[in-house]
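Number of protein chains: 2
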Amino acid sequence: MVETWVPGAAGSSYDVDHLPYGEASAPDRDDWWIAVRVGDLALDVAAVVDHAMLSPLLRTARMHLLLRSGPRLWAQLRTELVRLLTDPACRPEVEPHLRPVEEIELELPFAVADYVDFYASEHHASRVGALFRPDGDPLPPAWKHLPIGYHGRAGTVVASGTPVRRPTGQRGPGDVGPTRRLDLEAELGFVVGVGAEEPVGCEALHRHVFGVVGVNDWSARDLQAWETRPLGPFLGKSFATSISGWITPLAALDAAWVEGPDQDPPPPAYLCPETPRGLDVDVEVVLNGRVLSRPSYASMYWSPAQMLAHMTSNGATLRTGDLFASGTISGPRDDQRGCLLELTDGEGPWLADGDEVVLRYTAPSTGGGRLALGEVAGTVLPAR
Amino acid sequence: MVETWVPGAAGSSYDVDHLPYGEASAPDRDDWWIAVRVGDLALDVAAVVDHAMLSPLLRTARMHLLLRSGPRLWAQLRTELVRLLTDPACRPEVEPHLRPVEEIELELPFAVADYVDFYASEHHASRVGALFRPDGDPLPPAWKHLPIGYHGRAGTVVASGTPVRRPTGQRGPGDVGPTRRLDLEAELGFVVGVGAEEPVGCEALHRHVFGVVGVNDWSARDLQAWETRPLGPFLGKSFATSISGWITPLAALDAAWVEGPDQDPPPPAYLCPETPRGLDVDVEVVLNGRVLSRPSYASMYWSPAQMLAHMTSNGATLRTGDLFASGTISGPRDDQRGCLLELTDGEGPWLADGDEVVLRYTAPSTGGGRLALGEVAGTVLPAR
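Sequence lines, in order, name chains R and G.
Per the numbering used here, the first sequence starts with residue 90, numbered consecutively.
Per the numbering used here, the second sequence starts with residue 90, numbered consecutively.
Think of the hints as simulated: they come from the structure by calculation, not from any bench.
One or more hints might be untrue.
Same chains, same label: a pair holds when it works inside one copy or across any pair of copies.
[Claimed, not checked] Listed below are the simulated SDA-like cross-link pairs for lysine to any residue, each with C-alpha atoms no more than 25 Å apart in a straight line:
| id | residue 1 | residue 2 |
| --- | --- | --- |
| 1 | 233 | 221 |
| 2 | 233 | 264 |
| 3 | 233 | 314 |
| 4 | 233 | 352 |
| 5 | 233 | 423 |
| 6 | 233 | 319 |
| 7 | 233 | 375 |
| 8 | 233 | 222 |
| 9 | 233 | 318 |
| 10 | 233 | 313 |
| 11 | 233 | 267 |
| 12 | 233 | 219 |
| 13 | 233 | 269 |
| 14 | 233 | 263 |
| 15 | 233 | 266 |
| 16 | 233 | 358 |
| 17 | 233 | 262 |
| 18 | 233 | 346 |
| 19 | 233 | 184 |
| 20 | 233 | 353 |
| 21 | 233 | 261 |
Sequences are here, hints too, so could you generate the full structure?
Right, dumping it as structure tokens:
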């Protein structure tokens, strides 16, 4: 890898083999802009369009246009950004448009169209199933045949850093009040760039998915348990879902693919069990500064390509800005449980007012180091 | 009611006490525009803005701006349209902007933000519960305590007239193919105009909901049954949801409110059982020109105000363009069943390729007649 001239960036988690995108604003500017992170600095992409062979569409502020422009332009842009940030001759033109990340605010990085949440970890589904259905099979009958998922509320997906108010609701018959069982769920989210009018095959992940975000799918377990039959989660989830402000391009994860667990029974042809399926993305679940667990995406049963193929297999169209998430990332070990429900065997303690949850994600980078995906942070506000 | 000068409109289902809105296009025009139906004619609202005391925002084509402008402007617009269409002095200016509805195409009338589908008919939920859980209580434990609902796929909500392709999917373990149990569901949908950052009380329906549409929630029963545990419907529903091209303003239904069934146990305070709760909206389910059933919204257990209050009670925000639907409208009688699952006791026959489903809706109008909501039509295409 050619070395960057950006001070402090070489060898960091945000070296030029990463280059995540966000929508930024700052107190001293009226507009917002597409920012690219390098080291501890954020580059204003629009400001360097004229100094580089970059598409004029990047002069616009909205990520939406970048998302829908497709893999060829994504790759061109990435190549050009690496050139700008490594060629010393470009430094005089580019450096004035870098500013410290502490000086910017990251907005929700894209307008979420539809939001689908899957349930792709066998370890999570089995532990939750055993808690909720102690006398039955912990996995529902279809679990190993298809990636089970449901639609969540797109309008309440919020950017990392947005405080999350404790929801109020029915905790049981005649019992209305603030949730007593507020939980976090550490997940990985996939951001759809290019939409589709036809089913998307499981080989087409890179043609449609632009990148990944961290996701905290906040959950009110008491509300969820009471309302969930027979149509699934609703108000127990719909109050807030936090995602990271930086989108890591899928291209930055080229070195992160790993085999993934065997799938038995083999899924049907449209879910072709392509190799590799797992992603070596390690997660840290941090509560008030203390690491609670370290799950890894590497052990997830269903791959993002399989989730995408399944989601569109019935003819459902796909749109720019669709977001699909993995469901709780949990591994086989006790210290790899991705939610409090699992970590406490359903007993709690649950999240308290004022608690701060931070999810951190790392993955091998193509340059040989380890990149850090954008973190997902949120503090619990008391009920209204 | 003052009589309209529009030929053929007085006393029709589209008299000036109705005035539904749609987004129209036509082969001889490049743009689309907000149309208001009167009789068998459609008025181009933007074209008469300058002849009337109408907000300049109506010059724009998109319904979104009208939706978010709120109840005061909705009422002003309605008053002004009635004046234009009843005052003979306005006729010379207005008549050139009326054209036969057959000459226009209705688009999806608004951009759907989040789509929530409820399950508000006790008769539907009981019959379906008895079919799926013959040995248990037909109603799930929470059913009478809260309006059960789930999020559907906003991106596949389509306008009436759009053909619906038979979905393919898993009908059971290892069994992939076109659904063998394609069904319709006759529902009523509520279109959110004004969003909210705080919970919306059940008295606030008219401050947030702009109007109603007919909804056909197409369902693949075999796909749905196999995938649905534990997270609810997903691909069995997400391939298509059809809505009418005309939105009937809530104001046009002022004479349609009726008592509705008793609620026992009384729901909690935030779901105040306000009177009246039912809507005297009669539905006709028509398959290939034959009326299959005639359910009525009057017997629905949960009211639209209760659904809206519940949906936001946990702090979930509301956006302009959110759509929430009632779930299948079914009454106590056999000829009031709103889907084939109920009409055939789960045995079929189901929808065949080429079948045309039309849902028609009527309600008492404030002028003393009966208005016809926009119909919802769709023809089944063979699987891909």
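Consistency of the hints with the structure:
1. In this homomeric assembly, residue 233 and residue 221 come within 25 Å of each other (Cα to Cα) both inside a single copy, at 19 Å, and across copies, at 22 Å.
2. Taking the shortest alpha-carbon separations for residue 233 and residue 264, only the inter-copy value of 14 Å comes in at or below 25 Å, while the best intra-copy value is 36 Å.
3. When the C-alpha separation of residue 233 and residue 314 is checked against a cutoff of 25 Å, the pair qualifies both within a copy, at 23 Å, and between copies, at 15 Å.
4. In this assembly of identical chains, the alpha carbons of residue 233 and residue 352 lie at most 25 Å apart only when taken from the same copy (8 Å versus 41 Å across copies).
5. When the C-alpha separation of residue 233 and residue 423 is checked against a cutoff of 25 Å, the pair qualifies only within one copy, where the shortest distance is 22 Å, while the shortest distance between copies is 39 Å.
6. In this homomeric assembly, residue 233 and residue 319 come within 25 Å of each other (Cα to Cα) both inside a single copy, at 20 Å, and across copies, at 13 Å.
7. Taking identical chains as interchangeable, the C-alpha atoms of residue 233 and residue 375 are never at most 25 Å apart, the minima being 30 Å within one chain and 39 Å between chains.
8. Proximity of residue 233 to residue 222 under the C-alpha cut-off of 25 Å is found in both arrangements, the shortest distances being 17 Å within a copy and 23 Å between copies.
9. Taking identical chains as interchangeable, the C-alpha atoms of residue 233 and residue 318 lie at most 25 Å apart whether they share a chain (21 Å) or sit on different chains (12 Å).
10. Taking identical chains as interchangeable, the C-alpha atoms of residue 233 and residue 313 lie at most 25 Å apart whether they share a chain (23 Å) or sit on different chains (16 Å).
11. For the homomeric pair residue 233 and residue 267, the shortest alpha-carbon distance between copies (21 Å) is at most 25 Å, but the shortest distance inside one copy (35 Å) is not.
12. In this assembly of identical chains, the alpha carbons of residue 233 and residue 219 lie at most 25 Å apart only when taken from the same copy (16 Å versus 28 Å across copies).
13. In the homo-oligomer, the alpha carbons of residue 233 and residue 269 lie at most 25 Å apart only across protomers (22 Å), although the nearest pairing inside one protomer, at 32 Å, exceeds that limit.
14. Within a single copy, residue 233 and residue 263 get their C-alpha atoms only as close as 37 Å, which misses the 25 Å cut-off; across copies the closest is 11 Å, which meets it.
15. Taking CA atoms no more than 25 Å apart as the test, residue 233 paired with residue 266 passes between copies only; the shortest distance there is 18 Å, against 37 Å inside one copy.
16. Within a single copy, residue 233 and residue 358 get their C-alpha atoms as close as 14 Å, which meets the 25 Å cut-off; across copies the closest is 42 Å, which misses it.
17. Proximity of residue 233 to residue 262 under the C-alpha cut-off of 25 Å is restricted to the inter-copy arrangement: shortest distance 9 Å between copies versus 34 Å within a copy.
18. For a Cα distance limit of 25 Å, the shortest separation of residue 233 from residue 346 inside one copy, 21 Å, qualifies, whereas the shortest one across copies, 48 Å, does not.
19. Taking CA atoms no more than 25 Å apart as the test, residue 233 paired with residue 184 passes in neither setting, with 51 Å inside one copy and 63 Å between copies.
20. With identical chains, the CA atoms of residue 233 and residue 353 are at most 25 Å apart within one copy only, with a shortest distance of 7 Å there and 41 Å across copies.
21. For a Cα distance limit of 25 Å, the shortest separation of residue 233 from residue 261 across copies, 12 Å, qualifies, whereas the shortest one inside one copy, 31 Å, does not.
Hint compliance for this structure: hints 7, 19 are broken, all remaining hints hold.
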